[in-house]
Amino acid sequence: MSWRGRSRLREFIQSFTAFWHEFFRFKSGVVGLVITIVLVIMAIGAPFFVSEEAYRNWDNPSYWDTYPHAVPPAWIGYVTGERYAPQTEVVKDIPPLPTQIVSFSFLYNCTYDHPPSDVIFLIESTHRNFSCSLKLRVERPDGEEIVVLHRKYDGGLLRILFSTDEDIRKSVWEWAQKYEDPETVSKILANPEMLSFIDIPHIVFMKKGYGMLFERTGVLEGTYVFNITMIFSEIPTPPPGFHVRAVFTGAAYGLMGTDARGRDLAVGIVFGSRLALIIGLLTAVLSTVVGVLYGIVSAYLGGWRDELLQRIQETVSSIPVLPLLIILAFVMRPTVWILALLLVVFGWVGPVKTVRSIAYQIKEETYVEAARAVGCSSRRIIAKYISPQILPYMFALIALGVPGAILTEAGISFLLGVEGVSEPTWGRILHDAQAAGATMAGMWWWVLIPGFMITLSGLAFVLIGNALDRILNPMLKR
Amino acid sequence: MSAELLLEIRNLKTYFFTYRGVVKAVDDVSFTVGRGEAVGLVGESGCGKSTTAYSIIGLVPPPGRIVGGQILFDGMDLTKFSDSELRRRIRWKRIAMVFQGAMNAFNPVRTIGDQIVEAATYHLNITKAEALDKARQLLELVGLDPNLIHRYPHELSGGMKQRAFIAMALVCRPDLLIADEPTTALDVVVQAQIINLIKRLQQELKMSLILITHDVALTSEIVDRVVVMYAGKIAEQGPSDILFTKPQHPYTQGLISSIPRLHNPEKITWIPGFPPDLVNPPKGCRFHPRCPHTMPICREKEPPEIELGPNHYVYCWLHARR
Amino acid sequence: MRALWRYLLFRTLNAAIVLVIVMLVSATLFNDMMEKIVRAEIDEIVKQQVKTIAQQQQLNETQIRELREELRQTYYHQYGLDKPKWYRILYNSWRILTFNLGRATSMTSSSGTHEVSDIIVEAIPNTVLLFTTGTVISLLIGLFCGLYAARNPGLFFDRFISIFAMVTYTLPMWWTGMLFIYLFAYKLGILPSGGIHSIPPPKEPFAYFTDLLWHLTLPLATLVFVSFGSFAYVVRNIVLGTFQQDFVMAARAKGMPERHVVYKHVLRAASPPIVTMMLFGLLGSLSGAIITEAVFDWPGMGRLYWIAVEMNDVPVLLGLTFVFTFIYLIATVVVDLIYGLLDPRVRIGLMAGGK
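Protein chains in written order, with my numbering: chain A, 6 to 483; chain B, 2 to 323; chain C, 4 to 358.
Hint data in this document are derived by calculation from the structure and do not stem from the laboratory. Treat the hints with caution; some may be incorrect.
Claimed, not checked - Derived list of chain C stretches under chain B, where covered just means 3 residues or more per stretch with a C-beta under 8 Å from a C-beta of chain B: (1) 249-261; (2) 339-348.
Said to hold, decoys possible - Far from chain C by the CB rule (all over 12 Å, computed), these chain A residues: (3) Gly82; (4) Pro103; (5) Asp118; (6) Lys157; (7) Pro187; (8) Pro241; (9) Glu319; (10) Glu374.
Unchecked claim - Quick list of simulated restraints, FRET-style, between CB atoms: (11) Ser362(A) - Leu340(C): 42 to 48 Å; (12) Phe24(A) - Glu5(B): 55 to 61 Å; (13) Ile140(C) - Glu57(A): 44 to 50 Å; (14) Phe102(C) - Gly307(A): 37 to 43 Å; (15) Ala23(A) - Leu216(C): 56 to 62 Å; (16) Thr135(C) - Ser362(A): 28 to 34 Å; (17) Asp204(A) - Thr136(C): 53 to 59 Å; (18) Val68(B) - Thr136(C): 51 to 57 Å; (19) Glu5(B) - Leu340(C): 58 to 64 Å; (20) Gly157(C) - Ile269(B): 44 to 50 Å.
Ideal placement from N, C-alpha and C gives every residue a C-beta, glycine not left out.
Using the sequences plus the hints, can you model the full thing?
Okay, structure coming up:
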């Protein structure tokens, strides 16, 4: 490295270190920096913290089949002190036997205040050359037996979900009617739509008695036997083997719970940090750079050109941004990248006025006059005299521009829920929450956590930006 | 206290309590101002001149405050006055101050007249109409168009603003006018005009004057006595003609010889080094690191006040032998 | 004062030009986008109609094609699609600028008319009720808190305001709304989760009024909670900065009592930027309108906008954009006027940030 280069490097390192010393004096800025680092770690390390495959399958409903739907985070037990059924899965391989009856059971020990949110059986057979009648029975610890399902099974993949299967719902409802308050029963019979509000899988685990349909009797603790019996009309040849998966989906799940479609929110949130950071930074950097250049050039040119550029800036800044963005987003259905670009198109107007006044003051300085007298080209003056003084401040402006970008993107995603176009962002998760009525359904985790992340990210950059502004704002030095 | 003395400052100490430490901005300063006398308070930037002035009217900004000494004004010790007493009885009525850079000393959103009238109606108990009349008279007195009372500060040039401020300072006919760097940031021609104006007013109105400046040459014209301050302490004080022709303190000598003269072919010199940190001032005489005549005792003990003549005092070990 | 009028005229002219340009831009954008949608819809309708008629009348290939063209042309003419694009854009812009907002494609006002102006005029009072009230309250609270903090800098209240301001600045208003709904409507059940009145609304005036207030509480609280912090912080900074000015020291040296200094000097000098900030705050509240109104299902201009987008109702959208921009620009001119009244430096031709 040449001598000039080396001394410049030393200068740079010196001012760089001096800057950091200044920066660490601002506790708020340091806090912001720490939060940002945490977010960056979350973003980069996302595949290590959660499953990337799950993220890619966010919009794929079948992937989330065996996840509990709309359950709070697993740690809720510590908060409420109640016991929540964990996500439990049992697999049985039934070897092929030349019998006419195949019967096997799954035992489930329910010692929880909140029973499993769903009971799912996935039965696969080795071949499909048979036909049988399949009966699914539940033996409860109180001796009650519910024949939940009685159906023809011809092999292949059979999916039994207590929550959605119509036959199961009917069977359980009919069984429960025997023990429920007759008044309640007749009220439901009069208003059949009330049936959809009853949580069938939960009822299976409820103590019998008045109020059981609305889970007021409490959970019946003990061992439950889920028995599947298949009766063949004739012994099939060759006899089929079965691979059976029983899933008792948890009453709570994961670090952040699940949404109404069973999606593990932790996956969406952790991966969402990537998009939030990228969009925020990209938009802020692009719009700030454009705005700063615009301001400098406008101030430097002066005269009618400056007037014209300022009028243009004023026009653009008086366009109501949000309404226009919503329309554009609605019609174009953009990916988040196009959305970021749109934000830049409207966002560059921000720094222009401030930068322009700074550039004007610098322009009036004698050394600029001297430079011009010596014959420096405009480009050189802008590059060597004006820009270096504004450059550090530009970083403060960028930091301050990030929260706006994150919030606007979140707002648009929230409003429009741009589904299927791109990976989910925190805003989109909130959109799904709102669409599913999460607030009035008590699913606080679905609302609180994504919004908290949005706020936190914005806050981190505001803190950093404020600290940077106090250190680097050339106006304050004058 | 004799009828001749208007203001007597005794052992004034004003310190600033900052996170870096205690800044001893004014450290045991004593001088007097007689009735109708013009005193120049001279020294480098940061030597404590302005702080002394603010101490007199009790407007030392936090984190500073007066920690010791007395300020005897017309028989009253101002250090014992509460803020509201100072407000009602002293500020502007008896002691007025003209600030450095009157550019910003006027409120930009109110007219000149408004701001003059405000002081008049508050202190003098006259009606607004009477106050406006007074304002007009005062503006004429300082050589400005009386109709300027309707104008806003930004419509006046720097020199005009300074004059207007002086006019405002005179509205209560104060006994003492403190002019803190009244000509800094003005060009040379206007400087001369302002200084001459102040001199003329002082003589016409028989006011006492404290002129604070770092420009020694400025004071030579109009003050009777000069107080030279260095690093929060007084170096030398005495009649101006003596101080200019025969300065006794090395610092004063340095200051005087650094004034470029039109007719004297002598080379101008300057004082090497720069003023000390007032949180940790040098031990002994504060000037000793820069003094060409330093002696061992200068490094150890602070010099006492030594009387060299009537009203002429120096604080230097060089003169202690006598 | 003559200078003031000239200044005002200049700013109004400026605003008018901006308005025209914005309308042209909006009309162009909407036109392009919506044209595609309308054309597609027309094609659909035509296809259906042709199918039915062809079956009834047993037409052959050529006749079907002719019929389709004919029908298409009729619809194009009806929707004005046959005129050249620039004509349509200019026509729409001119029409709206002269306050002729036209008829909605499908939306209706509650009184049943299709007039865009009716639809919008219905919604405005609701937005004003919520957002203007809320912003005014936030501004007042912010003003007092900011003043108090500036007069006692560095103390607990001041630091608290700074932190509170930063947090609430990044808080999305709509998300806070969701949280408030969860807390007060779901958990505590003391406030409604949305809407402007219960269904059906009470008939008796007093009950109607209280019902309205009851529904107004939560969105209003959300708005104020999220906004007043940043206002307070900005006021604090402006006032603090003003306190540092020399003329404050000069006023104190003149023996003016502290209260006089604060109100007659500091506040007077600080009022231009504070008032500007307040008015822009009022404007910003309009923008926040859309999403927050969606969360609370509040029937104001914001929600109207959202519905118009969903229903592809271009006339309403254009009309709303016009109204938004118009209000914004009027406010800008008003801000300039008030600023000129308060700060004489601007009146007499000195513009900030340039000379």
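Unsatisfied constraints (hint numbers, rising)
The structure conflicts with hints 9, 11, 17, although it agrees with all the remaining ones.
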